[in-house]
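Novice: Protein chains in written order, with my numbering: chain A, 173 to 226; chain B, 102 to 441.
In case anyone wonders, no lab produced these hints; they're calculated from the structure.
Misleading hints may appear alongside valid ones.
[What the hints assert, rightly or not] Calculated pairs, DSSO-like style, for lysine-lysine (alpha carbon to alpha carbon, straight line, at most 27 angstroms): (1) B:Lys334 x B:Lys401; (2) B:Lys413 x B:Lys401; (3) B:Lys431 x B:Lys401; (4) A:Lys216 x B:Lys334; (5) B:Lys340 x B:Lys330; (6) A:Lys216 x B:Lys330.
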Amino acid sequence: MRKNVPAPALAALALGLLAGAAVAADGGPATLDEALTLARQQDKVLIIDFYTDW
Amino acid sequence: MFAREASSSDVIKAALAEVVFLKVDCEKGDGPAVAQKYGVRGYPTYYAVNADGEPIERWIGYDGPEAFARSAAAARRDTRTLAQKREAFAAAPTADLAVSLANDVATGYDWAGAVKHFRQARDLDPARADDCTRNIFTYMFYGADDGGFTFEEMKLEGDRVLAAAGTTDVDRVELSAMMLQLARRQERPADGIPYLEAGLAAAAALPEDSPAARTVRGLKVDHALLVEKDVEKAIGLRKAMLPENWQQEPRRLNQFAWWCLENGVNLEEAEALAMQAAELAEDAGDRAGYLDTAAEICLKRGNCEQAIARIKQAIELDPERDYYKEQLAKFEAAAAQKKG
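Please put together the full structure from these sequences, using the hints given.
Specialist: Structure (structure tokens):
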């Protein structure tokens with residue numbers, strides 16, 4: 173079975189991996205509720221980065 | 102890559118300064134539940150949401166600081182929900198809305214839908230043609246296996262990307278490799294050779310440590326195999342791409358064996374290496390996968406009985422996986438045909 177086939181970089185769009193910074197290591201919100209509260213208080217958009225350490 | 106660049110890229114820092122930013126590790130804590138709530142299918146995926154948690158933009162993958170900043174800016178510029186944007190587009194289409202909808206459907210792996218919306222964006226705003234074309238080609242590449250696009254359609258868009266002023270030599274190398282891969286997957290490798298040559302020509306201008314270095318090495322393997330017809334050279338170059346001690350790593354052994362299978366070369370050694378991978382594998386599921394590789398190689402070598410024996414071992418190791426049962430049926434049919 174094919175496993176771990178490398179993808180070309182142009183195709184990294186859906187395949188790029190993130191280095192695993194810990195959640196809220198930079199002092200940002202740690203939970204969705206906290207982030208939504210901040211977004212409401214600051215009248216800002218919330219961007220959520222869904223990642224894994226794979 | 103995003104985490105690394107977020108701390109060094111002024112473009113990303115500026116984009117993040119204008120939003121609230123939450124990182125969700127989808128394998129830890131409440132991450133899986135949050136990912137499920139939003140229907141996240143792959144990583145990384147980004148959602149821009151309003152204070153009520155409703156999505157206003159979403160996109161997959163990290164494609165560099167500028168692309169990230171563009172998506173973040175689009176979310177800040179138009180805070181209507183995606184549902185509202187869909188209605189707005191139906192009433193009065195704009196390029197911005199088309200791009201939002203393209204990114205939205207791509208997040209659900211609807212590649213044909215993404216291509217359709219990026220084409221609409223390109224028609225609505227020719228100034229964005231190059232960026233739209235790059236996305237059109239990328240999503241066609243993802244959707245190629247589903248048969249949604251012909252090789253000619255992909256060639257047309259690929260050639261437009263290659264001709265675009267903003268296309269770098271790294272892009273040329275990567276796109277050439279993708280075109281070659283498409284041609285081979287569609288069993289018309291000769292159509293990929295001009296791209297192989299073009300990719301290697303573009304690579305000549307790149308430093309050895311360029312981001313495309315690994316792709317260049319792969320193109321050299323393909324050149325040896327498809328153009329020079331020098332199988333031994335290709336095998337040597339392919340092995341040289343593997344890390345030191347690869348023969349002790351089941352995953353790498355399998356990777357090389359599968360490459361041999363795909364190219365129909367070096368099958369005797371490939372079978373032995375796949376079996377070595379199966380012996381070294383600690384996980385039963387992995388071992389089953391490597392046995393499947395060995396079984397496929399047996400079939401390619403005309404040894405249907407051995408293929409059947411190996412896939413039966415795989416089924417014993419991983420009985421829940423229907424794929425192996427389908428493989429068994431395939432091997433049995435091949436054996437029957439051979440006998441009959």
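Novice: Need the status of pair Lys413 (chain B), Lys401 (chain B): alpha-carbon distance at most 27 angstroms?
Specialist: holds (17 angstroms)
Novice: Could you grab the alpha-carbon distance between Lys216 (chain A) and Lys330 (chain B) and see if it respects the 27 angstroms cut-off?
Specialist: violated (59 angstroms)
Novice: Taking only the CA atoms, is the gap from Lys340 (chain B) to Lys330 (chain B) under or equal to 27 angstroms?
Specialist: holds (17 angstroms)
Novice: Taken at face value, is the distance from the CA of Lys334 (chain B) to the CA of Lys216 (chain A) at most 27 angstroms?
Specialist: Status violated; Cα separation ~57 angstroms.
Novice: Lys334 (chain B) and Lys401 (chain B): Cα distance at most 27 angstroms?
Specialist: With Cα atoms ~22 angstroms apart, Lys334 (chain B) and Lys401 (chain B) stay inside 27 angstroms; holds.
Novice: Checking one constraint from the list: CA of Lys431 (chain B) to CA of Lys401 (chain B), max 27 angstroms. Satisfied?
Specialist: Answer holds: Lys431 (chain B) to Lys401 (chain B) is near 12 angstroms, not above 27 angstroms.
Hint check: violations occur at hints 4, 6; the rest are consistent with the structure.
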